[in-house]
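There are 2 protein chains.
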Amino acid sequence: LRDKVYYPDHDGWQKGGNMRIGKEALKKALSLTKLVLNKRTSNPLLTYLHIRGHDGELAVRASSGEVDLEVRLPVEDGVEFGPILVPGSPAILAVENAPGEVELVVETGTISIRAGKWRADLATANPEGFPDWPEIGPDRFDGHIAATDLIRALFNVRYAVSRDSYRGIFRGIQLERHAGGFRAVASDGYRMAIQDIGNTNDQPTHKVVLPSVAVDSLIPFLREAEEGSEINVSLTRSLLEAAFTTPWGGVRTSLRLMEGEFPDYQNVIPKEFPVRAVLDVKSFREALERVSVLADEKSQRVDLLLEEGRAVLTAQGDYGESREEIPATLEGPSISLAYSARYLLDALQRVSGKVMTLQISGQFSPTLIEQEDGGYRAVVVPLRV
Amino acid sequence: LRDKVYYPDHDGWQKGGNMRIGKEALKKALSLTKLVLNKRTSNPLLTYLHIRGHDGELAVRASSGEVDLEVRLPVEDGVEFGPILVPGSPAILAVENAPGEVELVVETGTISIRAGKWRADLATANPEGFPDWPEIGPDRFDGHIAATDLIRALFNVRYAVSRDSYRGIFRGIQLERHAGGFRAVASDGYRMAIQDIGNTNDQPTHKVVLPSVAVDSLIPFLREAEEGSEINVSLTRSLLEAAFTTPWGGVRTSLRLMEGEFPDYQNVIPKEFPVRAVLDVKSFREALERVSVLADEKSQRVDLLLEEGRAVLTAQGDYGESREEIPATLEGPSISLAYSARYLLDALQRVSGKVMTLQISGQFSPTLIEQEDGGYRAVVVPLRV
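Protein chains in written order, with the working numbering: chain A, 8 to 392; chain B, 8 to 392.
Keep in mind that the hints were calculated from the coordinates and are not lab data. Just so you know, not all the hints are guaranteed correct.
Where chains are identical, the list cannot tell them apart; a pair therefore holds if satisfied intra-copy or between any two copies.
What the hints assert, rightly or not - Derived pair list, reagent style SDA-like, types lysine to any residue, alpha-carbon separation capped at 20 Å:
(1) K305 / D209
(2) K214 / N274
(3) K124 / S290
(4) K30 / L42
(5) K124 / I333
(6) K35 / G107
(7) K289 / A122
(8) K361 / V285
(9) K124 / D171
(10) K289 / S38
(11) K41 / G205
(12) K305 / D171
(13) K305 / S96
(14) K278 / V220
(15) K289 / T364
(16) K41 / S368
(17) K305 / E266
(18) K46 / A32
(19) K289 / P340
(20) K124 / P334
(21) K34 / E314
(22) K124 / T321
(23) K361 / Q323
(24) K35 / E142
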């Protein structure tokens, strides 16, 4: 079974060989590469996985052009081989379907995935032309963040990113490093979400903007990190690299950053609030969901009347109207506002804790949503009546 | 709150009123109407639910033009009202979102769905023009079938119905009534599935063809039937009506039948089998799934070599090839055949019991699949090499 495979470092062919590998670990690792494998790419090489056996590990790489991912798994009977390219989707599908522990057998031009009396033999390709791992360079910042903090920050602001392709920088999430913590911010011009981790009162020392499509891969990657583990982060002007360990092996990812930084978003956050309403988060969210059922399909408009002791939500659409009231503690005069139900719900979805404050700067000027213990804040611009 | 609503039987207006109703029961009942409500209809009335309060029950009807459904729920404080029409999707959405037990309040021009401090008021419409319940007529057959038997028969053959809109009668499932049982048959010309319930050796006394789209509603309806319950079935040349009880109330449905009957499908079932292979169902199914992963995407071709003691499955596609062998008991000479993996898998999916027999009539003539205890049979035509 042993034969030779192409190994560019040695300008020639090198021995392939057999290695045994846990199916579940391999499946997990490959499930991450799925998020990167580019199915609709103009570069067919990006539909391949780049694999190599080295130092008792199997290293599998995928690249979308924007996001690069490497997963490393310990293997029994590890042999040196590769790098070679294997067709991504068929390889992943084969591993997912394998009946039990997998043996990989690398031969010239083929990788054979075997388990029991089943085998799938895939044609391999020359790795030439597959993108190199992005060099992060010496002019960089290195640090580490708890995996759960980074996930929370990115996840809690992700919804506020603009969906419009022409919105430039608003298609990204700004990450700011402060001396005592960090901050994630996203906005689409009609709403904004901010998540602070630690102390962010000072001026940020670094600001980078991650494209939201890259974040959509990064969050599931980070969810694989070992419980309580730290993510090693390296930053330059153009790249963010994150490395961490998982229960099944090592992960390293490199994201291309967006150019530019957010316009001064602090200006958008109102400072004066003539009306404040304290509401139960769950009641408000659920009432909003129920009332919005009959809202106008296009505008999704829901009206909110804040009065002493209560908040009244109403909506009117083509088929009828709906209404619900919930208790509220009001500071300031009664006021009537309208919001996009979806925007308000998106913002409320991320609020933690039992009570929240709606801070009203005016009928048509931005409303600030704050949770009990700070950290997360959202700004939503009311609808014009 | 009490007012008048339009009531055509009394050519004028009749009192509406309040009634309390369990949310979960109403939700269940309305979830069935969802399967019938016609969203893309040229008749806008078919997007409405037809409702009436009568005799302590709330009766809700929906019609797709092909399938009519009526669900009946007992209500507390039942009042006489209607029939009225309510916009289907908004009403269902409102009930699904209601916080707890629901009170319906019928007033002129409105139905109000209330729970606690929440309410949704829907504009109602005049029921004129909504299709009448299809009259089944006196020239009919009445009988009853265990719900589980009818579900099994329809479900086990449904996959073999043709997907091509021009295939006429092959877009339906033929139901045959025999003196001692009944049979369901479906075919698309390349494969066939037959499910017998009871004794079907005699000539059928009735044959009807149900359109597969109607069956796709009927199966979920029947799954709501009370455990161990019987379905009352009435049949004419053009209609099948089924009525049964569920844990939450009564259901009645009327399906329009297809015209014509199946060509003599018995001719298609081969009678002579030079080769028979006995296989473990699960092993065969799983091996087929695994091997087909690398099959040619278009043809889905999998090759099967039957030899003394074993069955060898192989597939070849753009990316490589796969192979698995499983034990088999062979009667007759070795033979090599090819099948569409999807067709063979569809047929195997419905086989019950531990072992099955592949009965080979020839390399290119139909293969008959039989399960241990009879009842279900499938015919699959091998691919030409």
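Hints, verified against the model:
{"no.": "1", "hint": "K305 / D209", "result": "neither (41 Å within a copy, 60 Å between copies)"}
{"no.": "2", "hint": "K214 / N274", "result": "within (17 Å within a copy, 76 Å between copies)"}
{"no.": "3", "hint": "K124 / S290", "result": "between (57 Å within a copy, 11 Å between copies)"}
{"no.": "4", "hint": "K30 / L42", "result": "within (19 Å within a copy, 41 Å between copies)"}
{"no.": "5", "hint": "K124 / I333", "result": "between (64 Å within a copy, 8 Å between copies)"}
{"no.": "6", "hint": "K35 / G107", "result": "within (14 Å within a copy, 41 Å between copies)"}
{"no.": "7", "hint": "K289 / A122", "result": "between (50 Å within a copy, 17 Å between copies)"}
{"no.": "8", "hint": "K361 / V285", "result": "within (10 Å within a copy, 63 Å between copies)"}
{"no.": "9", "hint": "K124 / D171", "result": "neither (51 Å within a copy, 38 Å between copies)"}
{"no.": "10", "hint": "K289 / S38", "result": "neither (34 Å within a copy, 26 Å between copies)"}
{"no.": "11", "hint": "K41 / G205", "result": "neither (33 Å within a copy, 49 Å between copies)"}
{"no.": "12", "hint": "K305 / D171", "result": "within (17 Å within a copy, 36 Å between copies)"}
{"no.": "13", "hint": "K305 / S96", "result": "between (39 Å within a copy, 16 Å between copies)"}
{"no.": "14", "hint": "K278 / V220", "result": "neither (33 Å within a copy, 59 Å between copies)"}
{"no.": "15", "hint": "K289 / T364", "result": "within (13 Å within a copy, 58 Å between copies)"}
{"no.": "16", "hint": "K41 / S368", "result": "neither (45 Å within a copy, 43 Å between copies)"}
{"no.": "17", "hint": "K305 / E266", "result": "neither (34 Å within a copy, 43 Å between copies)"}
{"no.": "18", "hint": "K46 / A32", "result": "neither (24 Å within a copy, 45 Å between copies)"}
{"no.": "19", "hint": "K289 / P340", "result": "neither (24 Å within a copy, 70 Å between copies)"}
{"no.": "20", "hint": "K124 / P334", "result": "between (66 Å within a copy, 11 Å between copies)"}
{"no.": "21", "hint": "K34 / E314", "result": "neither (55 Å within a copy, 34 Å between copies)"}
{"no.": "22", "hint": "K124 / T321", "result": "between (64 Å within a copy, 12 Å between copies)"}
{"no.": "23", "hint": "K361 / Q323", "result": "neither (29 Å within a copy, 58 Å between copies)"}
{"no.": "24", "hint": "K35 / E142", "result": "neither (26 Å within a copy, 58 Å between copies)"}
In the structure shown, a violation is registered for the earlier hints numbered 1, 9, 10, 11, 14, 16, 17, 18, 19, 21, 23 and 24, in ascending order.
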